[in-house]
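In the order they appear, the protein sequences are chains U and C.
According to the working numbering, the first sequence holds residues 1 to 261 in order.
According to the working numbering, the second sequence holds residues 1 to 261 in order.
The set of hints was computed from the structure by calculation and includes no laboratory data.
It is possible that some hints are incorrect.
[As the list claims (entries may be wrong)] Derived coverage of chain U by chain C (criterion: at least 3 residues anywhere in the stretch with Cβ under 8 Å from a Cβ of chain C; other residues may be distant):
| # | segment |
| --- | --- |
| 1 | 70-77 |
| 2 | 151-162 |
| 3 | 235-248 |
[To be verified] Simulated coverage check for chain U against chain C, where a stretch passes if three residues somewhere in it have a Cβ under 8 Å from a Cβ of chain C:
| # | segment |
| --- | --- |
| 4 | 20-32 |
| 5 | 44-52 |
Please read these numbers as outputs of a predicted model, since none were measured by experiment.
We put the CB at the ideal spot given by N, CA and C, even for glycine.
Single-letter residue listing:
Number of protein chains: 2
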Amino acid sequence: MSGGRVSVVGLGPGSEGLLAPAAAAAFRAADDLIGYFPYVAMAERLAGPLKATVHASDNRVEMDRARHAFELAASGRRVVVVSSGDPGIFAMATAVIEALHLEGEQGGEGAGADWSAVELEIIPGISAAQAAAALVGAPLGHDFCVLSLSDNLKPWDVIERRLELAASADLVLALYNPISKARPWQLGRAFEILRAHLPATTPVVLGRDVGRPAQSVTVTTLGEVTPEQVDMRTVVIVGSSQTRAFERSDGRTWVYTPRWY
Amino acid sequence: MSGGRVSVVGLGPGSEGLLAPAAAAAFRAADDLIGYFPYVAMAERLAGPLKATVHASDNRVEMDRARHAFELAASGRRVVVVSSGDPGIFAMATAVIEALHLEGEQGGEGAGADWSAVELEIIPGISAAQAAAALVGAPLGHDFCVLSLSDNLKPWDVIERRLELAASADLVLALYNPISKARPWQLGRAFEILRAHLPATTPVVLGRDVGRPAQSVTVTTLGEVTPEQVDMRTVVIVGSSQTRAFERSDGRTWVYTPRWY
């Protein structure tokens, strides 16, 4: 037993106040920190200075990162895989466990290292939709559905079908990965599908960089929202038929989905 | 302006390591702490000792608690409404905003106090399904749906319809309020509905008191799970057709939903 450990750790939305103490402690105890470079920098900003050796990488190499983590941990090191938000929600935990399952405890092809003695833990975090919801009230206060609009790893027709069914079920929707340069039209199509089921007055919340210094949040409606208001750093919450928005004397628009139906 | 504040604050799953520092700070700064009595006790255990006057109440008086919070804050006090998990997910944030919306800024009938100067903030937390998911891997790693099985505030046929549609959409399901003494048969019926759509081998995760001293987690299957294994302190995660479970050499069963579909 070499006793190494892989911890997959969520940054939360990106502020110190919403970073779990267990996550901060894991960053500080790490021998190695693996992740997408802005997330590694965020771990250092929120919990640093850190003693860890940093292995920052570009996006979309999740499986490589996962393998790398097990390889390092197999030699006894404490390895932290840094994830945005909650690692369990459209983030790194799935890739790490997928690597373990698909490649087996003996490690990947030609790897040689034995992963079986590596301890694995996932430290959850507050996800972007939760932080955005909290800024405007409680749009996720009733039944809801969390969907990624990215068709990199699933066919677009599956996404359309899920949007149709979720809207038929009158669920609030939290949409992750809503748009990117490589996926410019999908969000507009998603709004079209939802408009066929929901009134134009349905509240829509756009939370951008929530919890981070550049945070912004916009409350609009399904009738008025356009894809141009959204980028890849935005989480989009679309209400159900029951979701309400109202302006308070503080000048802010508050949004909630009632508990009753 | 009397400058009072209502903060609706999430305890997270119930461990210090997963309590947001902003939540702990809010508990410590509070003049008044309002909530269901076990949650108030948990706030004291996790962030105490606290200087706040405690107003503990029984369950199911959410609207009374919300009104009470605004009344106290209208006189300039810092009031914290304590919520389990994430206040925005089947918890206190909706009731607080509902009270504000329905009763207006002038306060409820006969209340007299002016709520308009009361600052309102929601501090999110890690919800039970996230903590349970993290203990077994990443069952929520792909599109998922969060449903309450309680028919106290919505008709049971709406719940059945949502279960049908969510299963047709092949979404992972996180079920809150799965069962209680007053609702003994609903969970069994929910499993029946899901069994019509999903294979008997579909992984099911039962997380009970996750994050708390008595924490337990069980991985079973949709074919084998029975309502007797579940109580009101359990969150139930039912996989999609893609969710996988496997045993590791650590003796634990890990569960994940792949990122691709």
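Check: Taking 8 Å as the C-beta cutoff, is the stated coverage of the segment 151-162 of chain U by chain C satisfied by three or more residues?
Finding: holds (count 6)
Next item on the list: Check whether three or more residues of the segment 70-77 of chain U sit with their beta carbon closer than 8 Å to a beta carbon of chain C.
Entry: It is violated: at least three residues are needed, and the segment 70-77 of chain U offers just 0 whose Cβ sits closer than 8 Å to chain C.
Next item on the list: Mind taking a look at whether chain C covers the segment 20-32 of chain U? Criterion is 3 or more residues with CB to CB distance under 8 Å.
Entry: holds (count 4)
Next item on the list: Please count how many residues of the segment 235-248 of chain U have a CB within 8 Å of a CB from chain C and say whether that reaches 3.
Entry: holds (count 3)
Check: Counting residues of the segment 44-52 of chain U whose CB is closer than 8 Å to a CB in chain C, do you get three or more?
Finding: Since 0 is below three, the answer is violated.
In the structure shown, a violation is registered for the earlier hints numbered 1, 5, in ascending order.
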